[in-house]
Amino acid sequence: MALLDYFLRKKEKQVTTASKAKERLQIIVAHERNSRNKQPDYLPQLTEDILKVLRKYIKVSDESFSINLDKKDGDLNVLELNIELHDEQNVS
Amino acid sequence: MARIIVVTSGKGGVGKTTSSAAIGLGLALKGHKVVLIDFDIGLRNLDLIMGCERRVVYDFVNVINGEATLNQALIKDKRVSSLSILPASQTRDKDALNKENVGKVLEELGKSYDFIVCDSPAGIEAGAMMALYYADEAVVTTNPEVSSVRDSDRILGMLASRSRRAELGLDPIKEHLLLTRYSPKRVEEGEMLSVEDVEDILSIPLLGVIPESQAVLKASNAGEPVILDTESDAGKAYQDVIDRLLGETVEFRFLVAEKKGIFSRMFGG
Numbered sequence: 060m061a062l063l064d065y066f067l068r069k070k071e072k073q074v075t076t077a078s079k080a081k082e083r084l085q086i087i088v089a090h091e092r093n094s095r096n097k098q099p100d101y102l103p104q105l106t107e108d109i110l111k112v113l114r115k116y117i118k119v120s121d122e123s124f125s126i127n128l129d130k131k132d133g134d135l136n137v138l139e140l141n142i143e144l145h146d147e148q149n150v151s
Numbered sequence: 362m363a364r365i366i367v368v369t370s371g372k373g374g375v376g377k378t379t380s381s382a383a384i385g386l387g388l389a390l391k392g393h394k395v396v397l398i399d400f401d402i403g404l405r406n407l408d409l410i411m412g413c414e415r416r417v418v419y420d421f422v423n424v425i426n427g428e429a430t431l432n433q434a435l436i437k438d439k440r441v442s443s444l445s446i447l448p449a450s451q452t453r454d455k456d457a458l459n460k461e462n463v464g465k466v467l468e469e470l471g472k473s474y475d476f477i478v479c480d481s482p483a484g485i486e487a488g489a490m491m492a493l494y495y496a497d498e499a500v501v502t503t504n505p506e507v508s509s510v511r512d513s514d515r516i517l518g519m520l521a522s523r524s525r526r527a528e529l530g531l532d533p534i535k536e537h538l539l540l541t542r543y544s545p546k547r548v549e550e551g552e553m554l555s556v557e558d559v560e561d562i563l564s565i566p567l568l569g570v571i572p573e574s575q576a577v578l579k580a581s582n583a584g585e586p587v588i589l590d591t592e593s594d595a596g597k598a599y600q601d602v603i604d605r606l607l608g609e610t611v612e613f614r615f616l617v618a619e620k621k622g623i624f625s626r627m628f629g630g
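Residue numbers (the numbering used here), protein chains in the order written: chain A, 60 to 151; chain B, 362 to 630.
Just chain A, with the same shape it has in the complex (with noise of 0.2 Å):
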């Protein structure tokens, strides 16, 4: 079994420290770009208002959300929203 254990222990390295530095990156500089682009003052509301809506017909959870507000080439802005929707009982 030293030999299977050898395998198997190296596959189990992968979860690097350098993967994780990657991640925790990802992440902060996404969230320091996002307030760089100033977002307007009502965005905020405008989010939890439209969950509360959402919720009164489908499950949605906080991550299966996102909320955008952006800039395109010229004066045109875009309202993104995205919603996943999961399992069956969402569409029932």
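The hints are all genuine.
Residues from chain B that keep clear of chain A, each with C-beta distances beyond 12 Å, as calculated:
| # | residue |
| --- | --- |
| 1 | Leu467 |
| 2 | Lys472 |
| 3 | Pro566 |
| 4 | Phe615 |
To be clear about the criterion: a stretch of chain B counts as covered by chain A if any three or more of its residues have a C-beta under 8 Å from a C-beta of chain A, and this derived list gives those stretches:
| # | region |
| --- | --- |
| 5 | 502-512 |
| 6 | 541-554 |
In the PhoX-like style, the derived pairs of lysine-lysine whose C-alpha atoms are separated by at most 20 Å in a straight line are:
| # | chain 1 | residue 1 | chain 2 | residue 2 |
| --- | --- | --- | --- | --- |
| 7 | B | Lys546 | A | Lys79 |
| 8 | B | Lys579 | B | Lys597 |
| 9 | B | Lys546 | B | Lys597 |
| 10 | A | Lys81 | B | Lys372 |
| 11 | B | Lys472 | B | Lys394 |
| 12 | A | Lys81 | B | Lys546 |
| 13 | B | Lys394 | B | Lys437 |
Derived from the structure by calculation, the hints contain no laboratory data.
It should be emphasised that the depicted structure is a prediction, and the values quoted were computed from it without experimental measurement.
Just so you know, even glycine gets a beta-carbon here, dropped at the ideal spot from N, CA and C.
Following the hints, position chain B against chain A.
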């Protein structure tokens, strides 16, 4: 028009001055007229790395205050005649520089040089903002390490919002990623962010990868920019950076660890 290149990073100690010196000297060796400016007012070090610390008479702030002419303050490099250095002052206060007076100096230099390389101080204070304000291009010097990558991203934000190009709505500053102190061996062992990881996070084009090298310390000890050490990996990697800045396509080197042979593996080494 001269190309104004700022060497910046946010975080200190990642190799801005080493890189500025190598890039300035490298471009001059290719026959271009280059001036290297130290923007680190109060903590000048570019003169030491360039090996001209004993020839500093007047500095950047003297020129700004009208106490010396540009020609009096510029130090001609002894190795390459087309390279000059404008040292930072050691004592004056940081507020001596402002957009207007720095702009005047750069405009004057732009008349007689092809490249103006600005060595930025660390941080995001006034000095660093001054160094990047007039830039056409930015070499974002980054170590494969969390705090350096995060700070580089903040600097990218500054380049996009606080520069002259941003304020006037011109084409944005051309950003280049320069990854320094890279250790392929540690990357392979999963202990260090890889080139791809850093590119993924910062998403700007890669200009160069400088391997961790003992040649860098030796070079600064001697006041001879590491690009002159043509035998060293770091020197060669900086040479590639110069070629890429001049528009050539050069393959990236020193990205994989040297493979150990079976004998050294068995007997250690």
